[in-house]
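> The lines below spell out each chain.
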Amino acid sequence: MPDSAAPFLQPGVAWALVVVFAVLWIALGIAWGRRGKGDADDYMLAGRNIGLALSTATLMASWVTGNTTLLAPEFGYKTGLWGMFSYALAGLGLILFAPLALRIKQLMPFGRTSGDFIRLRYGRPAWCVFMVITAVYTLGFLMTQAMGAGLLLQALSGFDYHVGMVVVLGVATLYTLFGGMRAVIGTDFIQSLLIMVLLAVVAVLAFRQFPMPEVHAALSLEHPDRLDLLLPAGLLIAWNSALFSMGEVFHNNIWWSRVFASRRSVVMTSFVLGGLAWMSVPMVTGSIGLVALARNLELDQINMVFPVMAADLLGAGGAALVFVVVFASLTSTLDSLLASTADLLAEDVYFKLLRPQATDLQLKQAARLMVLGLAVVTLALSWPRLDSLASVLFFTGALVASTVWPVACGLYWRMANRRAAIIAMLSGSAVGLTAYGLIAPYCAAVFSAAVSALVMVVGSQCWPERFDFALLKEEA
Amino acid sequence: MHSAVMATCSVDELLWSRLIFALGAVVTLATVVMIVRGHLYWQHRDSRHAG
Numbered sequence: 306m307p308d309s310a311a312p313f314l315q316p317g318v319a320w321a322l323v324v325v326f327a328v329l330w331i332a333l334g335i336a337w338g339r340r341g342k343g344d345a346d347d348y349m350l351a352g353r354n355i356g357l358a359l360s361t362a363t364l365m366a367s368w369v370t371g372n373t374t375l376l377a378p379e380f381g382y383k384t385g386l387w388g389m390f391s392y393a394l395a396g397l398g399l400i401l402f403a404p405l406a407l408r409i410k411q412l413m414p415f416g417r418t419s420g421d422f423i424r425l426r427y428g429r430p431a432w433c434v435f436m437v438i439t440a441v442y443t444l445g446f447l448m449t450q451a452m453g454a455g456l457l458l459q460a461l462s463g464f465d466y467h468v469g470m471v472v473v474l475g476v477a478t479l480y481t482l483f484g485g486m487r488a489v490i491g492t493d494f495i496q497s498l499l500i501m502v503l504l505a506v507v508a509v510l511a512f513r514q515f516p517m518p519e520v521h522a523a524l525s526l527e528h529p530d531r532l533d534l535l536l537p538a539g540l541l542i543a544w545n546s547a548l549f550s551m552g553e554v555f556h557n558n559i560w561w562s563r564v565f566a567s568r569r570s571v572v573m574t575s576f577v578l579g580g581l582a583w584m585s586v587p588m589v590t591g592s593i594g595l596v597a598l599a600r601n602l603e604l605d606q607i608n609m610v611f612p613v614m615a616a617d618l619l620g621a622g623g624a625a626l627v628f629v630v631v632f633a634s635l636t637s638t639l640d641s642l643l644a645s646t647a648d649l650l651a652e653d654v655y656f657k658l659l660r661p662q663a664t665d666l667q668l669k670q671a672a673r674l675m676v677l678g679l680a681v682v683t684l685a686l687s688w689p690r691l692d693s694l695a696s697v698l699f700f701t702g703a704l705v706a707s708t709v710w711p712v713a714c715g716l717y718w719r720m721a722n723r724r725a726a727i728i729a730m731l732s733g734s735a736v737g738l739t740a741y742g743l744i745a746p747y748c749a750a751v752f753s754a755a756v757s758a759l760v761m762v763v764g765s766q767c768w769p770e771r772f773d774f775a776l777l778k779e780e781a
Numbered sequence: 033m034h035s036a037v038m039a040t041c042s043v044d045e046l047l048w049s050r051l052i053f054a055l056g057a058v059v060t061l062a063t064v065v066m067i068v069r070g071h072l073y074w075q076h077r078d079s080r081h082a083g
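First to last, the protein sequences are chains A and B. If you count the first sequence from 1, you need to add 305 to reach my numbering. If you count the second sequence from 1, you need to add 32 to reach my numbering.
Chain A with its partners taken away, still in its complex shape (with noise of 0.2 Å):
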């Protein structure tokens, strides 16, 4: 949207809803953050005893981002059937961790990191690897999210754009700053239910106002098309979301952090609930943009579709519930950023790289500074405005795409090969990359976990291992 286009909400309206919407989240957060022990366990992974309520909701909300409400309706608007369901098809990711969820939780139930995982299983070699590719994705993601909260609420309310960027940024970063993980689940509990229940709203309405068959018949008519399921574009997504998604849960620490959280009897059930309950956000906002479309709507910028929607049914409370929606999937998932990597940084490389004789203290102190440092590091890297976020995005899914297999097969398999596991990331991201600059960025995923399961199995047939799975409790 250009500086100069209308903003859905008034700005003075917009301000009162972040006032009240940062002061609840960092007095929750801080008071969350006193509760415990107050070790670095607790500061890191919240005690290890999160239920199933708590973990369910903590996996969603930070799986819904800013892109979840804006960028699937785009997709359902462009791409049409196939452009909705693919979206929803990066469900898979948190779905298929489940199993994985539990293996990690038997093996490793004093583990934190996922890093721990990949040094004690493949060793350093192949944690080196991991930590770049892991490295990569995390400052893409921040850099997406914080970027996407300046453009979002520019176009929103006329926020400037480092305005947007710093509030959304300032406010994530001081709640997980004081309150640790034991922050990030109890505020993701509320952001969770608070996106739920306004994109049912917002649904509802919009479902009541224009039946299903309706537009199903102003779609056949008009943009028969969209209803295509052998639209090239729409076939080229669909698996790429299944892939990506699968690389960014298997690998990223985020997940991972959760695992170690959870209690053991709650875990499977909580990632294939949260995986679920993600998959219906960008069902319903997606099948707005398909509403939207057979509306023939007017848009300025098509991933303003959602708000524009919204507008239309509600009026400048409809502005109001998309601001909200947009303000805590950005908070959800830029605290679990935060804090996930301030996890990975600290554990691994400050403890176990740099300072292996540091006490609990100095381990939750190195965190808390991961985490100010992380949000500075991000605020830097995106001060400089970029429009393309997706491209951002897309380029990452060839490098963790590459982690799948690896993450899988040395969780199940004795034999998996630890140089296969680093050829494996290596040529999968390789290959991933090429096939994102020569064919299409939304296959890079598709191509990357080919080639890197290809060369795990045959890798591991050719020369397998014999590891022995008591190392990983042992050592962690």
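Please keep in mind that the hints were generated in silico from the structure rather than gathered at the bench. No incorrect hints appear here.
Listing some non-contacts, in silico: residues in chain A with all C-beta distances to chain B over 12 Å: (1) F415; (2) P430; (3) L444; (4) L479; (5) H521; (6) S585; (7) V682.
Label pairs and their in silico Cβ distance ranges: (8) B/L72 / A/L743: 35 to 43 Å; (9) A/D533 / B/S79: 43 to 51 Å; (10) B/S79 / A/L604: 54 to 62 Å; (11) B/R80 / A/L666: 38 to 46 Å; (12) B/E45 / A/R429: 40 to 48 Å; (13) B/V64 / A/R719: 16 to 24 Å; (14) A/R660 / B/S79: 39 to 47 Å; (15) A/L658 / B/V64: 30 to 38 Å; (16) B/E45 / A/L659: 50 to 58 Å.
Which stretches of chain B does chain A cover? Using the computed rule of at least three CB atoms under 8 Å from a CB of chain A, they are: (17) 44-53; (18) 56-65; (19) 70-81.
Predicted model, so just to flag it, every value in this text is computed and none were measured. Where a beta carbon is used, it is the ideal one built from N, C-alpha and C, also for glycine.
Fit chain B to the given chain A structure using the hints.
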């Protein structure tokens, strides 16, 4: 699809899309099968050891 590969091949866009779709389906399915087999194997083994 904006591809150098496409430009040099006579294969049409829809066929390319279908091939990539098929590759994605195969890789996804193989990943699902590997995870389910691994999960069932270790569940069965752990319950036998516990018994």
